[in-house]
Structures are given as C-alpha cells and as structure tokens.
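Number of protein chains: 2
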Amino acid sequence: MSEPNTYPATSMLIAPGSAGIVEPKKAHFGQPFTVSCGRILPSIDIVYETYGQLNADKSNAVLICHALSGDHHAAGLHSADDKKPGWWDNYIGPGKAIDTNHFYVVSLNNLGGCAGSTGPSSINPETGKQWGPDFPTLRVRDWVESQRMLADKLQIAQWAAVIGGSLGGMQAMRWALEYPDRLRHCVVIASAMKLSAQNIAFNKTSRTAISSDPDFHGGRYHEHNTLPKRGLAIARMIGHITYLSDNVMGEKFGRDLRSGSFERGIESELEFQVESYLRHQGDVFSESFDANTYMLMTRALDFFDLAREYGDDPVKAFAAAKCRFLVVSFTSDWRFAPERSRELVQALIGAEKSVSYAEIDAPQGHDSFLLPVERYNQVFSAYMQYAAKECVSQPDDQHQPQANTEVHHA
Amino acid sequence: MSEPNTYPATSMLIAPGSAGIVEPKKAHFGQPFTVSCGRILPSIDIVYETYGQLNADKSNAVLICHALSGDHHAAGLHSADDKKPGWWDNYIGPGKAIDTNHFYVVSLNNLGGCAGSTGPSSINPETGKQWGPDFPTLRVRDWVESQRMLADKLQIAQWAAVIGGSLGGMQAMRWALEYPDRLRHCVVIASAMKLSAQNIAFNKTSRTAISSDPDFHGGRYHEHNTLPKRGLAIARMIGHITYLSDNVMGEKFGRDLRSGSFERGIESELEFQVESYLRHQGDVFSESFDANTYMLMTRALDFFDLAREYGDDPVKAFAAAKCRFLVVSFTSDWRFAPERSRELVQALIGAEKSVSYAEIDAPQGHDSFLLPVERYNQVFSAYMQYAAKECVSQPDDQHQPQANTEVHHA
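As you go down the protein sequences, you meet chains G and R in turn. Under the working numbering, the first residue of the first sequence carries the number 18, and numbering increases by one thereafter. Under the working numbering, the first residue of the second sequence carries the number 18, and numbering increases by one thereafter.
Don't take every hint at face value.
Each computed DSSO-like pair below joins lysine-lysine, with the alpha-carbon atoms no more than 30 Å apart [said to hold, decoys possible]:
#1 Lys42/R to Lys170/R
#2 Lys146/R to Lys246/R
#3 Lys101/R to Lys246/R
#4 Lys333/G to Lys269/R
#5 Lys269/G to Lys100/G
#6 Lys246/G to Lys42/R
#7 Lys269/R to Lys75/R
#8 Lys269/G to Lys333/R
#9 Lys146/R to Lys42/R
None of these hints come from the bench; they were simulated from the model.
Just need the whole structure built from these sequences, with the hints factored in.
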C-alpha cells in the first residue's frame, strides 16, 4: 500500500496488532545464480514483503524464513477484504513478539517456491518453457545464499535476527554457519539439525503419492495440461496428521460423524469429521500448491544435515557462529520432537555459544509454532525485546518506502 | 501335512519350537450369513489352520484373531522350503507362549479377507462375478459371528482363550461381550476400545490413496484387468511408518544412504535406506493384498467402538463378560498407545472383572506385538500357562487330524 490515504475506511477493519495492508515486492537478480549442485540459474526473482520500518543505521532488520508450504506473506493482509492474514500473523505486527514498532521485518518466498519467486513453475529463459522437473535441486544453503543476495540489495549488512520454524529454523541455523558476521540472533523454533528416519519416511510417502499420480507425468504436468491433484492432496493429508498431535486431533474432532449415523449404518453416508477435514485440506492444497515445489522442498528438508561437512560433529559446525541463539520446542511436537531441540542446545553449549532454550508445554503438536500459545509468546516476545534494545537507532520513516503502519496502528 | 512320513528329511530343517508344516483347511457354511448391516451372503467359506491337538473334553482350544493385513497362517511353515513362517510364529508353537503342547490353536482368515475366506475377491454366486466393492460392509461383530460358526463346526463349546493383537484384540473383546459363556480368557494386545481421530485420519489417508488410484475403478479393478498397486503401496508405506517407533526407525535405518553420495550430489542417484525399505514394502504388499479387503478392514477398524451401544460406557459394556482378561501394551506404540490399554483396564476394573495388565517397555512401536520381546514373552507365557492348567484333560491325538507336531518336535 504505497498510498495509504486512498484507503481511509479500511483502517477500521484491520485488527490492532496487524501489520496492516501489505504488498509483495519483487527483487530481480540479473546475474547468474550458481546452485550448490553446480547448475546455474541465468537469473532469479525473489518475491518478498516487509513490515515495519528500517532504522537509520539499518540495524533493526529481521529475516523470516518459511517452512515447507509457507511463502512471503507472513503477516498483515493483502487487501481490506482479505479473509486470512499472513501465516505468522500471530507473532509479527506492532506490539507482537516480532514487533514491527521496533523491527523492519523481511519475509520472502524461497527460491524454488511457487508463490512468485523463481521456481519450477517459472519460465526457463533458455527454453522459453516452464522449468518443471528440470529446475535444479536445491539445498538449504541455496536459500541462505539467495537470502544473502536479498540482504545485499536491501543494504542490510547484518540482520538483528534470522528467525524460522521447522524448515525455516534450518535456514536460520545455516545462516549462523555461513555468514556468522551477518546476524546477531538466530531463532530456531520446532526444528532439528537433521531429520529422523521417520521424518524422511513420511516425506518419501508424500513424494511417492505425488510421483505415482498419473497426472504428474514425471513433473511435466503443465505440458499435459494436468495437475497431480490426487497425489498432492494425499501428501497434504499426511502432512496435516503429522503437524498435529494425537490429543489435539482427538479434542478437535473426536469420533464425531460429519454425515450418516451408525444406526442407519449406510456405509456410503458415514463420514467422520476428521475425514471430512482432511479431505478438504487436501483438496484446497492440491489446487494452490505446485507439486514440483513440494518435491523440491521435501528433498531439501530430507538432505539437510547441519554437521555433515563438519565430521558429523555439530559442536564443530557451530564453532564459527557468532550470534546468540533462541531455541524453542513444543512438548507435543512428534515431527520435530523436543529431543531434537535439546540435541541442538547441547551442541551450542558444547561450542560455547550463548543459547536460551524453552520447551513449551503445548498440546497442538508441530503446528504450535504457528498458533497462539501464551508461554511461547511470552518467551519469544521477551527474547525479541532484548534483541530490539541492541538496535542503535530508532525506526526512521525515511528508510521505509511503505509507511503504512502509522496509518493503521497509531 | 497329512502324511508326515513322506517328508522324512524335512523335519531336520524345522526349528525347534516351530508348529511344523501346516496345511490350511476350508470350512464351508452353506446357510445364508446375515451381516450386521442387514445384507446377506448366500454362503461363506472360512479358511483356517490348527496347531497342536484338541483334548478329549475340547477344553484346550484357543482362537487367534488377526489384525489388518494378517491371515490364517499364524505359525509354522507351509512347506519345508517355505522361507517365512506364520505371522505369529514367535508366540505360537511347542514350548512357546501359546504352547501347542497344551493348546489346540485355531487361526482363521477373517470373512472379507483375501487369503481364501469369502471376501471381495470371491465369486458372488448370484452374479457369477467377483463381489468387488459390492461385498457387504463388515463390522468386528460379523467376524465374531463367523468365528462362532467355525467354533460350532469344530465342536468347541468354549475357547480356553480368544487372543488378538491390534484389530485382533478388538475381536477378542467383542467375543467377551457377545458370547460371555464361550471363552475363559480374553487376551487383548496393543489394542483399544476405539480408534482415536489420528488413527482414523491415517486410515482415511490410506483409503484415499487407494480410491484415487485410477486403476482402482471404484473397486472394480478386476473387471478392468488392473490392480490399484500405486495406491496400495502408499497405504502400506503409511502403515509401516506408523507400526514402528521413531527410535526404532532411527536405529534400523538412520540417515544411511542406499545409493548415491552427498559428495557427488546427483539427485536422481540419492536414496536413503529408509526410502528403499518403504518402497520395497509397498511394492510387495501391492502385489499380494486385495485393495477392497484393505478398504473393508480399515473401515471395520475405524467404526469399532466397544461401548457405543452401551451408552458410551465401557464399564456397562463389560458388565456381562465372564472371562478373565490379560491386557498388554507397549511403551513405544504410538498407534495404539498404552493410554488406550489403560482405559480398557480401568473399564474392566470398574466392571469388577479379573484383569492382568502389562505395559511392556519395548522400542519397536506397534509392531512389538509380533516381535520377540523378552518381557512380553514372559508375561504372555506365564498367563497362558495359568490358562492351560484349567484345561481338564490332556491333549489327545484322536481329536487332531494333523498329527504332525509329534514328528517335528519330539
């Protein structure tokens, strides 16, 4: 929203604490981008959003790294009648944990994504056709590299913090290793230094569901004017089950029926609430998410192994890190269990880094990192307030091209 | 093996403790079988095996109820060069927990199955075609009813014990409610009085994988000369992950690669051991198991709710039961967690029934009930020895048509 005065009525509709109406921007990088696998992308685009204002010495910028199916739209609304705010709106906004009154928040769609940044759905300039399955394999380090280029473009020499949950936490950790001078804080939420065999197994099953969908065509579904919706829906169903805890699914759905009754006993009519919910989630996702991006993201997740190049010793891996760390896990998260976060904390202690760790008692499983959880919010907010105090100058309108926050949250 | 002397050399190959070479039998029931949904099967066949010898007063018969993908072949071998023994060979045989020196063990393929008993792959005598998706919906009570008919045919008025793990445990519980005079012991292992929302969600995802496979054709794949192998493979992959614990998968596979290397980094070559394992398990299953049976079995599992007709009060449900109970759970079983068994034990205590409960510390997840676990074996053996002492007469060759156990285990 570059002209706030054209929306006089909408400010009434926007909840206090919202980052307001935000508009995605696109950064174009014309130079070739060499991917870690050795292949080259002739140029790349990165779509991103910003919330809050960059201060005079550019010391208050925070980078948000998204997870598997996330994108750049982390907070605020795209229009006044937008029904859903960004995916981390619970934690980004004025007065929230990542307080846009103090921080200039940058949130991007990862390279390889399907929300506007260069990815499998983009046109390969050399062929004039969509990349599809020929898009290069990416690793977490490639995301960090493209995020570093975005930081350079935005003239951010050092992030106040790099923050991510799940796969996003892996990016934050990789930042601490690759560019130790370029972040002061690393916030790693519901993540792990590497996936477990069970995690890989679930991802493999999801990918198999997609690749064995006859509409997948080896990833060339666009050429066949199809979409592997059935496979994507199944992948999403598996994801949803594993993002929630058994208990929270029980509380949310129990064994309630959506249709039919046991007394009538007509098989075709009987459907549990939880079945209906999953079916719906699968269908929605299969219409909106790109299958090749899903394959690429889950592969990057599987292959991430923080300490692999450090003799499998995470203490060695973190040796060069200079930032401080906040690590958060959730008791009911069985996809990225607290044990994985404790291993990370042990490694950081072994490497003599400053680390705060909170194991939050929350019933919502892995999804807790996205949801409003009081104790989590308290810990996260307190840590970020501490990080904000280090930012020398105060936010300054002159450095913020979109001065919309003043209008909506004053 | 009805003529043991024709296999003189093979007895050397059969391990001590094996039930020996066994042969499936088929029981035909010519009268119409009315299913709980009201539909009628004109006749049914039940395939079963027996191990050990029925004693003179027929008081030593034990019924084994199988789980989702099990069948009648619970112990022993089908031939001397059979590579795999029956699915519960760890616990059935001479000197084993279910000791065939004391018990006459009956193990059947459930109605609706795909290993020989009447099921969706059978010919509907009224149409001359396979039943396919038109096979009636079954509930756990239908299995109990067909098992009761088999008991009548074998002249077993009362089982020494009805025993089952997982879905098999549900059948054992239902026996205690439906035919309280016809069993002395009910052994319920790694089971639950009803599935949780998460359990249903996994089953739903598996069924969706099958039903959305274009080769499924609404269950009429035989008419199209196809098999929904892709869907079944995915269903099996999901099953396998949930039958094992995160820890045991980690120990078994870790992050070891099956092919390729991270240094070479050629994406198409890279495969984790756990991926290869799952792919293989899925492929094997998809060649051997019937998709309609899978749908039917998982629906019966989802809909089982022991106390539904008793005002959702399991104490009331068990009021009429007369047998004693052994309940066993495994600490790492997250599909049928110990909490579910504890609920069952509480209900049994509330109903003033005799119940022994063992929560076994085992790392193998739900699959523990099939695997050799020392403490589980001790508890199970001790309980069954106690049950064996109640059998008045000793096993008697005259009542056992297959006297093969003497030959191989003397």
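Evaluation of the provided hints:
no. : hint                 : verdict
1   : Lys42/R to Lys170/R  : holds (13 Å)
2   : Lys146/R to Lys246/R : holds (22 Å)
3   : Lys101/R to Lys246/R : holds (23 Å)
4   : Lys333/G to Lys269/R : holds (26 Å)
5   : Lys269/G to Lys100/G : holds (22 Å)
6   : Lys246/G to Lys42/R  : violated (45 Å)
7   : Lys269/R to Lys75/R  : violated (44 Å)
8   : Lys269/G to Lys333/R : holds (26 Å)
9   : Lys146/R to Lys42/R  : holds (24 Å)
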